Amino acid sequence: MEFTVERLQKVKEIVARYPDGKQKSALLPVLHLMQEQEGWLSVESMDYVASLLSLEPIEVYEVATFYTMYNLKPVGKYMFEVCRTGPCMINGSDEIIAYIGDKLGIQPGETTADGLFTLKTVECLGACGYAPMMQMGKHYKEHLTKEKVDAIIEECRRNAAMNN
Amino acid sequence: MGVKLLLDKVHIEGIRYYDAYRKNGGYAAVEKALKTMSPELIVDEVKKSGLRGRGGAGFPTGLKWSFIAKPEGVPRHLVCNADESEPGTFKDRYLMEFLPHLLIEGLIISSFALGSNVTFIYIRGEYAWIPEILEQAIAEAKANGWLGKNILGTGFDCEIYVQRGAGAYICGEETALLESLEGKRGNPRIKPPFPAVKGLWDRPTVVNNVETLAAVVPVINMGGEAYAKIGVGRSTGTKLISACGNINKPGVYEIDMTISVEEFIYSETYCGGIAKGKRLKACIPGGSSVPILPANLLLKTAKGETRYMNYESLSDGGFATGSMLGSGGFIVLDEDQCVVRHTYTLARFYRHESCGQCSPCREGTLWMDKILKNIETGKGKKKDIDLLWDVQRRIEGNTICPLGDAAAWPVAAAIRHFRDEFEWHVDHPDECLKRNFGLAHYADPIEVVT
Ligand SMILES: Cc1cc2nc3c(=O)[nH]c(=O)nc-3n(C[C@H](O)[C@H](O)[C@H](O)COP(=O)(O)O)c2cc1C
Ligand code: SF4
Ligand code: FES
Chain A
1 MEFTVERLQK
11 VKEIVARYPD
21 GKQKSALLPV
31 LHLMQEQEGW
41 LSVESMDYVA
51 SLLSLEPIEV
61 YEVATFYTMY
71 NLKPVGKYMF
81 EVCRTGPCMI
91 NGSDEIIAYI
101 GDKLGIQPGE
111 TTADGLFTLK
121 TVECLGACGY
131 APMMQMGKHY
141 KEHLTKEKVD
151 AIIEECRRNA
161 AMNN
Chain B
1 MGVKLLLDKV
11 HIEGIRYYDA
21 YRKNGGYAAV
31 EKALKTMSPE
41 LIVDEVKKSG
51 LRGRGGAGFP
61 TGLKWSFIAK
71 PEGVPRHLVC
81 NADESEPGTF
91 KDRYLMEFLP
101 HLLIEGLIIS
111 SFALGSNVTF
121 IYIRGEYAWI
131 PEILEQAIAE
141 AKANGWLGKN
151 ILGTGFDCEI
161 YVQRGAGAYI
171 CGEETALLES
181 LEGKRGNPRI
191 KPPFPAVKGL
201 WDRPTVVNNV
211 ETLAAVVPVI
221 NMGGEAYAKI
231 GVGRSTGTKL
241 ISACGNINKP
251 GVYEIDMTIS
261 VEEFIYSETY
271 CGGIAKGKRL
281 KACIPGGSSV
291 PILPANLLLK
301 TAKGETRYMN
311 YESLSDGGFA
321 TGSMLGSGGF
331 IVLDEDQCVV
341 RHTYTLARFY
351 RHESCGQCSP
361 CREGTLWMDK
371 ILKNIETGKG
381 KKKDIDLLWD
391 VQRRIEGNTI
401 CPLGDAAAWP
411 VAAAIRHFRD
421 EFEWHVDHPD
431 ECLKRNFGLA
441 HYADPIEVVT
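Protein chains in written order, with my numbering: chain A, 1 to 164; chain B, 1 to 450.
Don't read these hints as lab results, they were simulated from the structure.
Please read these numbers as outputs of a predicted model, since none were measured by experiment.
Hints may contain errors.
Said to hold, decoys possible - In silico PhoX-like cross-links for lysine-lysine, where the CA-CA straight-line distance does not exceed 25 Å:
{"id": "1", "chain 1": "A", "residue 1": "Lys-103", "chain 2": "A", "residue 2": "Lys-138"}
{"id": "2", "chain 1": "B", "residue 1": "Lys-48", "chain 2": "B", "residue 2": "Lys-229"}
{"id": "3", "chain 1": "B", "residue 1": "Lys-184", "chain 2": "A", "residue 2": "Lys-10"}
{"id": "4", "chain 1": "A", "residue 1": "Lys-77", "chain 2": "A", "residue 2": "Lys-141"}
{"id": "5", "chain 1": "B", "residue 1": "Lys-198", "chain 2": "A", "residue 2": "Lys-24"}
{"id": "6", "chain 1": "B", "residue 1": "Lys-191", "chain 2": "A", "residue 2": "Lys-24"}
From just these sequences and the hints, can you work out the full model?
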């Protein structure tokens with residue numbers, strides 16, 4: 001759970017943007033780096049970030065619990081974060097959420113037994129004109145239909161099988 | 001077709017990259033500003049342009065800039081607000097994704113005008129692929145001498161950094177954004193002091209929206225006076241509108257603020273009419289926080305005059321019969337949509353996003369979410385509607401930041417204009433669970449637009 005050499009270098013670069021003594025400003029970006037590496041933020045990894053930035057561990061926990069993008073427990077290899085706010089709702093996000101849930105046999109907030117998929121509902125992701133939509137890792141999947149969802153799940157399974 | 005100042009070149013191949021952007025007139029505004037104008041002159045030009053903040057509040061940008069404190073020896077900062085989390089709003093993402101250099105150009109000029117040597121773009125964490133696009137543009141600008149040390153031999157140094165948030169609507173509020181940029185929870189600060197005096201790391205700071213900063217480029221290119229001639233009254237220049245909901249052509253449109261709401265919805269140039277041949281029922285014209293309007297009050301004011309897509313016309317009639325231009329997040333609801341259900345999703349959103357510092361907002365958003373859920377799912381009573389009204393009234397004006405108001409207004413407006421729909425839910429507990437079923441028939445008669 002310690003950073004790789006490249007990520008340590010990145011941390012240094014980020015801290016250098018701020019005035020002396022303001023290295024706390026790097027906290028959100030550094031937590032992103034940690035989550036990128038580990039998939040989620042364990043207490044140990046948060047303590048490590050605290051020591052790296054000379055912060056009290058509580059300063060890190062406070063922040064990690066405030067922001068919804070930080071995973072405080074492990075999640076599936078692929079996380080489907082489906083938007084359910086007004087504009088997506090009127091374009092059928094509820095049906096999409098139900099469809100994914102049925103297909104994967106999980107409820108929002110749960111992860112499949114094989115650890116491949118997590119389903120989450122989220123609030124407006126700034127893609128309301130391309131509804132219904134979801135975030136999957138770094139990218140958005142927009143204009144979702146049942147067929148599109150099928151294809152995405154299929155592709156995830158294929159990729160997972162290939163990387164094993 | 002109206003004037004375009006921001007998106008006029010968006011369809012040019014490769015415009016996302018430096019070469020095409022530069023070939024098509026890019027960075028001419030930086031050249032003009034840094035070589036021929038003083039920071040004071042730029043602020044004056046922006047004042048003359050009448051440009052108003054595009055983040056939602058519509059505060060005059062030049063005036064805001066003139067408030068920045070200049071204590072001896074204390075660095076100042078410009079921060080670009082790219083948090084864009086207001087439901088219905090997705091215009092800043094479009095600008096950053098397709099015209100990153102336009103934003104960078106605006107940021108360089110604005111940094112020069114404000115004396116910011118280190119400028120930040122704070123972008124919502126979910127836009128995870130956009131920072132790379134911006135960083136590529138920043139690197140290209142730097143390689144070509146528009147950023148870095150002693151830009152164009154003027155002695156002005158400037159670096160721009162992109163920093164990601166991590167999922168919190170409240171970080172769009174400027175003081176919460178600054179807290180977040182300092183590595184803390186996004187709890188808004190009590191004002192005063194205002195960021196212009198004590199902002200990032202207690203230094204004088206200006207926070208501006210992405211679109212506002214991009215608009216500085218045409219202001220400098222054409223001059224403030226010419227910019228002010230576009231549009232109408234105090235709604236000068238152009239505005240990006242992100243249109244969504246039940247329309248044929250959702251997307252991001254640049255309008256000069258002289259067109260009518262009716263033209264915007266029905267013209268092929270813009271939304272292309274209501275999807276599936278349905279009728280227009282209601283619209284939230286400026287992002288989820290502004291009041292919803294029924295079709296009749298949307299297209300015409302209470303006095304029966306045509307309503308236009310600008311700050312003044314959309315707010316004509318105040319909250320009793322009007323709304324706001326806000327962030328330009330235009331959400332259209334057709335005749336099948338249930339206002340109670342839509343309002344419930346928004347109340348849930350605000351409950352989720354309240355930072356929890358002030359009790360009227362923390363408790364009020366929780367109650368509104370609960371009561372609306374009950375009404376929507378057929379478990380509501382008549383007196384719940386009055387309770388809901390009471391709860392929203394107690395939030396407004398009693399909180400540290402405007403999120404409280406932003407949560408209260410949509411609920412108030414929904415009850416004000418669609419009370420019969422709430423009552424129908426209470427009276428028909430079984431039927432209201434059926435989605436898209438006969439919902440149009442219990443709403444106010446809709447004025448049919450031909
Ligand atoms: C709850 C809340 C959320 C906000 N979200 C945003 C946002 O996502 N983007 C934005 O530019 N302004 C947002 N604002 C407005 C900012 O506080 C600030 O007024 C704005 O960034 C100023 O820029 P402008 O003058 O260029 O509009 C928000 C305000 C509040 C109260
Ligand atoms: S109004 Fe709400 S979001 Fe704003 S400071 Fe108070 S509790 Fe936080
Ligand atoms: S409502 Fe779903 S992206 Fe905005």
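Quick rundown of the hints versus the structure:
1. A:Lys-103 - A:Lys-138: holds, 23 Å
2. B:Lys-48 - B:Lys-229: holds, 10 Å
3. B:Lys-184 - A:Lys-10: Satisfied, since the Cα-Cα distance of roughly 20 Å is no more than 25 Å.
4. A:Lys-77 - A:Lys-141: Holds: Lys-77 (chain A) and Lys-141 (chain A) sit about 16 Å apart, inside 25 Å.
5. B:Lys-198 - A:Lys-24: holds, 18 Å
6. B:Lys-191 - A:Lys-24: At roughly 23 Å apart (the allowed maximum being 25 Å), Lys-24 (chain A) and Lys-191 (chain B) satisfy the hint.
Comparing the model with each numbered hint stated earlier shows that all of them hold.
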